[in-house]
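Protein chains in written order, with the working numbering: chain A, 1 to 410; chain B, 1 to 617.
No lab work stands behind these hints, which were simulated from the structure alone. Each hint should be verified, as a subset may be incorrect.
DSS-like cross-link-like pairs, simulated, lysine-lysine; straight-line CA separation at most 27 Å [stated by the list, open to error]:
no.: 1; chain 1: A; residue 1: Lys364; chain 2: B; residue 2: Lys277
no.: 2; chain 1: B; residue 1: Lys163; chain 2: B; residue 2: Lys473
no.: 3; chain 1: A; residue 1: Lys364; chain 2: B; residue 2: Lys566
no.: 4; chain 1: B; residue 1: Lys408; chain 2: B; residue 2: Lys394
no.: 5; chain 1: A; residue 1: Lys395; chain 2: B; residue 2: Lys586
no.: 6; chain 1: B; residue 1: Lys277; chain 2: B; residue 2: Lys306
no.: 7; chain 1: B; residue 1: Lys283; chain 2: B; residue 2: Lys306
no.: 8; chain 1: B; residue 1: Lys577; chain 2: B; residue 2: Lys528
no.: 9; chain 1: B; residue 1: Lys581; chain 2: A; residue 2: Lys234
no.: 10; chain 1: B; residue 1: Lys293; chain 2: A; residue 2: Lys364
no.: 11; chain 1: B; residue 1: Lys577; chain 2: A; residue 2: Lys234
no.: 12; chain 1: B; residue 1: Lys475; chain 2: B; residue 2: Lys156
no.: 13; chain 1: A; residue 1: Lys316; chain 2: B; residue 2: Lys293
no.: 14; chain 1: B; residue 1: Lys581; chain 2: A; residue 2: Lys364
no.: 15; chain 1: B; residue 1: Lys517; chain 2: A; residue 2: Lys395
no.: 16; chain 1: B; residue 1: Lys517; chain 2: B; residue 2: Lys408
no.: 17; chain 1: B; residue 1: Lys293; chain 2: B; residue 2: Lys283
no.: 18; chain 1: A; residue 1: Lys316; chain 2: B; residue 2: Lys566
no.: 19; chain 1: B; residue 1: Lys566; chain 2: A; residue 2: Lys30
no.: 20; chain 1: B; residue 1: Lys566; chain 2: B; residue 2: Lys586
no.: 21; chain 1: A; residue 1: Lys90; chain 2: A; residue 2: Lys30
no.: 22; chain 1: B; residue 1: Lys586; chain 2: A; residue 2: Lys364
no.: 23; chain 1: B; residue 1: Lys577; chain 2: A; residue 2: Lys316
no.: 24; chain 1: A; residue 1: Lys395; chain 2: B; residue 2: Lys587
no.: 25; chain 1: B; residue 1: Lys566; chain 2: A; residue 2: Lys234
no.: 26; chain 1: B; residue 1: Lys277; chain 2: A; residue 2: Lys395
no.: 27; chain 1: B; residue 1: Lys587; chain 2: B; residue 2: Lys394
no.: 28; chain 1: B; residue 1: Lys475; chain 2: B; residue 2: Lys517
no.: 29; chain 1: B; residue 1: Lys581; chain 2: A; residue 2: Lys395
no.: 30; chain 1: B; residue 1: Lys566; chain 2: A; residue 2: Lys212
no.: 31; chain 1: A; residue 1: Lys30; chain 2: B; residue 2: Lys577
no.: 32; chain 1: A; residue 1: Lys395; chain 2: B; residue 2: Lys583
no.: 33; chain 1: A; residue 1: Lys316; chain 2: A; residue 2: Lys82
no.: 34; chain 1: B; residue 1: Lys293; chain 2: B; residue 2: Lys330
no.: 35; chain 1: B; residue 1: Lys262; chain 2: A; residue 2: Lys364
Values in this document were obtained by computation on a predicted structure and should not be read as measured data.
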Amino acid sequence: MTPSALPLGDPAPADGLLPAQAADGAADRKFGLYVHIPFCSVRCGYCDFNTYTATELGGGASQAAYGGTAEQEVRFAARALKASGLPDRKMGTVFFGGGTPTLLPAEDLAGILKTAVDMWGLEPGAEVTTEANPDSVTPASLQLLADAGFTRVSFGMQSAVPHVLAVLDRTHTPSRVPEAVKWARDAGLKVSVDLIYGTPGESLADWEISVKEALSYEPDHISAYALIIEDGTKLAARMRRGEVPPIDDDDHADKYLLADELMTAAGLSWYEVSNWARTPADQCRHNLAYWRSDDWWGIGPGAHSHAGGVRWWNAKHPTAYAQRLAAGESPAVGRETLDAETRYVEDVMLRTRLAEGLELSRLKDSGRLAVAGLMADGLVDPHAALAGRVLLTSKGRLLADAVVRRLLPD
Amino acid sequence: MSPMARFSPVPAATDPAIIRNFCIIAHIDHGKSTLADRMLQSTGVVEHRNMKAQYLDRMDIERERGITIKSQAVRMPWELDGESYALNMIDTPGHVDFTYEVSRSLAACEGAVLLVDAAQGIEAQTLANLYLAMENDLTIIPVLNKIDLPAAQPEKYAEELAKLIGGDPEDVLRVSGKTGVGVEDLLDQIVREIPAPVGDPNAPARAMIFDSVYDTYRGVVTYVRVVDGKLSPRERIQMMSTRASHELLEIGVSSPEPTPSKGLGVGEVGYLITGVKDVRLSKVGDTVTNLAKPASESLPGYADPKPMVFSGLYPIDGADYPVLRDALEKLMLNDAALVYEPETSAALGFGFRVGFLGLLHLEITRERLEREYNLDLISTAPNVEYEVTLEDKKVVTVTNPSEYPEGKIKEVREPMVSATILAPNEFVGAIMELCQARRGVLGGMDYLSEDRVEIRYRLPLAEIVFDFFDILKSKTRGYASLDWKADGEQVADLVKVDILLQGEQVDAFSSITHKDKAYSYGVMMTGKLRELIPRQQFEVPIQAAIGSRIIARESIRAIRKDVLAKCYGGDISRKRKLLEKQKEGKKRMKMVGRVEVPQEAFVAALSSDESKDKAKK
């Protein structure tokens, strides 16, 4: 998934070569691959991701041509990393997101994966995930993915309640989800389901139904995200016109706490603010890589990449993206090279969200001084703090951004 | 109809007998500036192509608001029955805040054109200025303007005017500044009716200052009316109130551009330039004389401007404090009525307590500071000057609630005004209700015409400085007009209400109010702040208190969610930038104890918009 607006940054060179900083210590960092599939059959009312519903975008950006274009970038990436002096590393995680990756034929997804494996290879036990819409999978397509090396599928369930799904413009029927989960299991894939809470019109009881329904599938992993109303979306416009009620943060808080309670009771544990897993082995390692500032290359229009404190992002529109690659140029349109201070800020901002916590030793004095106050306010777990880590309480998770600001007072 | 004058009488050599000094008394919007512009055209001093709308209103704000803040004088030639005359039109400010300046302008004239909108009738401030003019024995020429408007009711208002000044409705002139109809008749009438000035040409020079304006290039330009003797270039003059002497670098008349002359004689109106840079050295109402041959007695009526309303002005960005200081210094050069001193607020930081003549003066000053000096300002709720006597007889003057003494208080005195309100009689009930609620005492009521009344109230100044006029306007659908003047003081049952955020007093929100209104102030302010202050990580009680007694309480519930659910596909840069923005936002917060209060909350809590909205409902 990629956001609608790209950040401001420095220009990115056409040869894709990275600054020297990217290679520093790279051998000790994990490497992963993100593949963005910018297509959906319908644009959901809340969605501001970089995705397109037309099957025929011009300039070599059609859905049919997309697999080949993505493979071009995979090969470009391998060359650029090598030429920038980064060591050969196998992929620890691969994640296909969208959009709706499963809108492409499973063969295309398998093809992109194969090219990436040809370039870098997979670590033993590597995690290979694709997001999927319950509507756009079949037992056969899931089997094909599993055979191609995928290990995990993440279903966009969002809700089990029809009127909530309707506000979100989700087209699947609720009963389709357990079916899809079963097919994935049968194919040998691990299963995660994504939920969204706080949709306008969703009651606390509606949400409870959704969480319990999701838990009844006994997934290995659940993500539960609060609905964010992004500018420019259909839902934002409806809200502005007063057609749907505004977002209520207290409602979000109640729903978050309810979800956490139900999932904990069902044997899942949170490992990141919005993510729960059945066992540590079920945690999404690709997701963790973002919060731990590992290295990854993001393939696809609008995709973001990171290596050793260098962040860059690709052209957003599939046509512009495809044309750059066709010309043998990097599809990146901007990048930032982070200085030590900025990397520190990111480190605190990202690691604080994890259940493994932020080591106190990573904090500057100003940040360490703030910890006592955070404990006093019930936002940080005192036992973990004594053991040398900043670990958010459930109240602290709901106020994680405020905690981060207090840890970064300067 | 008279032709344009074939020759213009020469300044310094003009026989007082052919001089006519007059001003125009009019309400804002009644078309004074348009009429003045038309006179400039009719007399030929401004050619049509050089005309910009409202030639005489120099400041942008004046032109935008359609009002005159600073008065000026223009000399125009006019011919009647074969004789050339010099007409001096002295433009007067049109607002109650500037009554003193108006009175000085009137004192410089022998006559006044009473200009009234033929669709609206006379307004309270116009009436007040008319009374002022009549007290000064000025000849009044009643004129109805805008007779071209479809809504004009000249018969009705001619009768009203005739009744007011005692005359025949038939004698009320009817003009349209817009089309020019009747303007030449009016000029003729001015020559015929207004007496020529009288003075002793051989006596020591005496000239009254009726305006004083700072000009970036020329320094202070002083406008005078010569009463006795003569002023000439290069001689040394003396200001009789301060005994300060200056050399007359330039003397002349405005027609309407400044035109140097060989001097100014008896009855003449013109300007002086001495090179001084501060209008305080050239005070309105003061008498100018010749240093070598000084007059023994100054002209009557001089008074120092007295600030009536005080407000704290603070830059929203503390770093702008020096800019604000310099800006006030510069404004002061051009505004002798402006007084200020540095002040510190725990909540708002460094700023100034500024004294104003009234609310419009405050608004204009604030607007000029923001516009001309690019400042973003918070102004605290305006308050008046209280005199607090303690049990031990010590007297404290309070211009800021934070100066209100803590000890045992014997009595508090507050300034009073006598207010005149003119309105259609259907609104009498609403007006009386409002004035009563504002602790007013009815002084009397008169019918100006069949359906228009003049209502007189004595009111505490504090009750009219904040939102009174706005509410009056909305309760009378815009028809009421208000004038007021200082009218002594009274002992009142006043208390100071403090506002506390999480137990910490916020000085900017303290208010001195009547005991009976303390509760409603407390409820209003705590309620407002509950809406304006964002939720914090802890519950924030907001209390209103008199001393240690709590009179109202609200609380802001603790925020429960402040976390972005996800980062989008590894777009960490976006999340970091959001964090940076939040941290930047935090810097613009004022800390009250642990509570982060956005600047906007101060601005909104201290503005009267809410009361306006309420009144409109």
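We went through each hint and held it up to the structure:
A threshold of 27 Å between alpha carbons decides the hint, and for lysine 364 of chain A with lysine 277 of chain B the separation of about 56 Å lies outside it, so the pair is violated. With a C-alpha separation of about 26 Å, the suggested pairing of lysine 163 of chain B with lysine 473 of chain B holds against the 27 Å cut-off. At roughly 25 Å between alpha-carbon atoms, lysine 364 of chain A and lysine 566 of chain B fall within 27 Å of each other, so this suggested pair holds. Proposed proximity of lysine 408 of chain B and lysine 394 of chain B is supported: the alpha carbons are some 11 Å apart, at most 27 Å.
Our distance criterion of 27 Å between C-alpha atoms is met by lysine 395 of chain A and lysine 586 of chain B, whose separation comes to about 21 Å. Taking the CA atoms of lysine 277 of chain B and lysine 306 of chain B, the gap is near 22 Å; set against the 27 Å cutoff, the hint holds. For the hint linking lysine 283 of chain B to lysine 306 of chain B, the alpha-carbon distance of about 13 Å falls within 27 Å, and the restraint holds. A C-alpha spacing of about 32 Å is found between lysine 577 of chain B and lysine 528 of chain B, which places the hinted pair above 27 Å, so the restraint is violated.
Our distance criterion of 27 Å between C-alpha atoms is met by lysine 581 of chain B and lysine 234 of chain A, whose separation comes to about 26 Å. Proximity of lysine 293 of chain B to lysine 364 of chain A is assessed by CA-CA distance (about 79 Å); at most 27 Å being required, the pair is judged violated. Straight-line distance between C-alpha atoms of lysine 577 of chain B and lysine 234 of chain A comes to about 25 Å, which keeps the hinted pair within the 27 Å bound. Distance restraint check for lysine 475 of chain B and lysine 156 of chain B: the Cα-Cα separation of roughly 24 Å lies within the 27 Å cut-off, and the hinted pair is therefore satisfied.
For the given pair, lysine 316 of chain A sits about 86 Å from lysine 293 of chain B by alpha-carbon distance, which is inconsistent with the 27 Å threshold. Between lysine 581 of chain B and lysine 364 of chain A the CA atoms are separated by roughly 21 Å; this keeps the pair inside 27 Å, and the hint holds. Between the alpha carbons of lysine 517 of chain B and lysine 395 of chain A the distance comes to roughly 42 Å, so the proposed pair goes past 27 Å and is violated. A hinted pair counts as satisfied when its Cα atoms are at most 27 Å apart, and lysine 517 of chain B with lysine 408 of chain B qualifies at roughly 21 Å.
Distance hint between lysine 293 of chain B and lysine 283 of chain B is fulfilled; the C-alpha atoms sit about 21 Å from each other, no more than 27 Å. Proximity of lysine 316 of chain A to lysine 566 of chain B is assessed by CA-CA distance (about 20 Å); at most 27 Å being required, the pair is judged to hold. Restraint check: the Cα-Cα separation between lysine 566 of chain B and lysine 30 of chain A comes to about 21 Å, which is no more than 27 Å; the hinted pair holds. Taken as a hint, the lysine 566 of chain B and lysine 586 of chain B pair is honoured in the structure, with Cα atoms around 22 Å apart against an allowance of 27 Å.
As the CA atoms of lysine 90 of chain A and lysine 30 of chain A are separated by approximately 8 Å, the hinted pair is consistent with the 27 Å bound. A C-alpha spacing of about 20 Å is found between lysine 586 of chain B and lysine 364 of chain A, which places the hinted pair at or below 27 Å, so the restraint holds. With a C-alpha separation of about 19 Å, the suggested pairing of lysine 577 of chain B with lysine 316 of chain A holds against the 27 Å cut-off. This hinted pair checks out: lysine 395 of chain A and lysine 587 of chain B have alpha carbons roughly 25 Å apart, not beyond 27 Å.
Between lysine 566 of chain B and lysine 234 of chain A, the direct Cα distance comes to roughly 20 Å. Compliance with the 27 Å bound is thereby established for this hinted pair. At roughly 63 Å between alpha-carbon atoms, lysine 277 of chain B and lysine 395 of chain A are farther apart than 27 Å, so this suggested pair is violated. Between lysine 587 of chain B and lysine 394 of chain B the alpha-carbon distance is near 42 Å, which puts this suggested pair outside the 27 Å criterion. Note on lysine 475 of chain B and lysine 517 of chain B: the hinted pairing holds, with a Cα-Cα distance of about 21 Å set against a maximum of 27 Å.
A C-alpha spacing of about 23 Å is found between lysine 581 of chain B and lysine 395 of chain A, which places the hinted pair at or below 27 Å, so the restraint holds. Annotation: proposed proximity of lysine 566 of chain B to lysine 212 of chain A holds, straight-line Cα distance about 22 Å (limit 27 Å). With a CA separation close to 25 Å, the supplied pair lysine 30 of chain A and lysine 577 of chain B stays within the 27 Å bound. Taking the CA atoms of lysine 395 of chain A and lysine 583 of chain B, the gap is near 21 Å; set against the 27 Å cutoff, the hint holds.
For the suggested pair lysine 316 of chain A and lysine 82 of chain A, the alpha carbons sit about 25 Å apart, so the restraint of at most 27 Å is met. Restraint check for lysine 293 of chain B and lysine 330 of chain B: not satisfied, since their Cα atoms lie roughly 34 Å apart, outside the 27 Å limit. A distance of roughly 78 Å separates the Cα atoms of lysine 262 of chain B and lysine 364 of chain A; the hinted pair therefore is violated under the 27 Å criterion.
In terms of the numbered hints stated before, the structure departs from hints 1, 8, 10, 13, 15, 26, 27, 34, 35, listed from lowest to highest.
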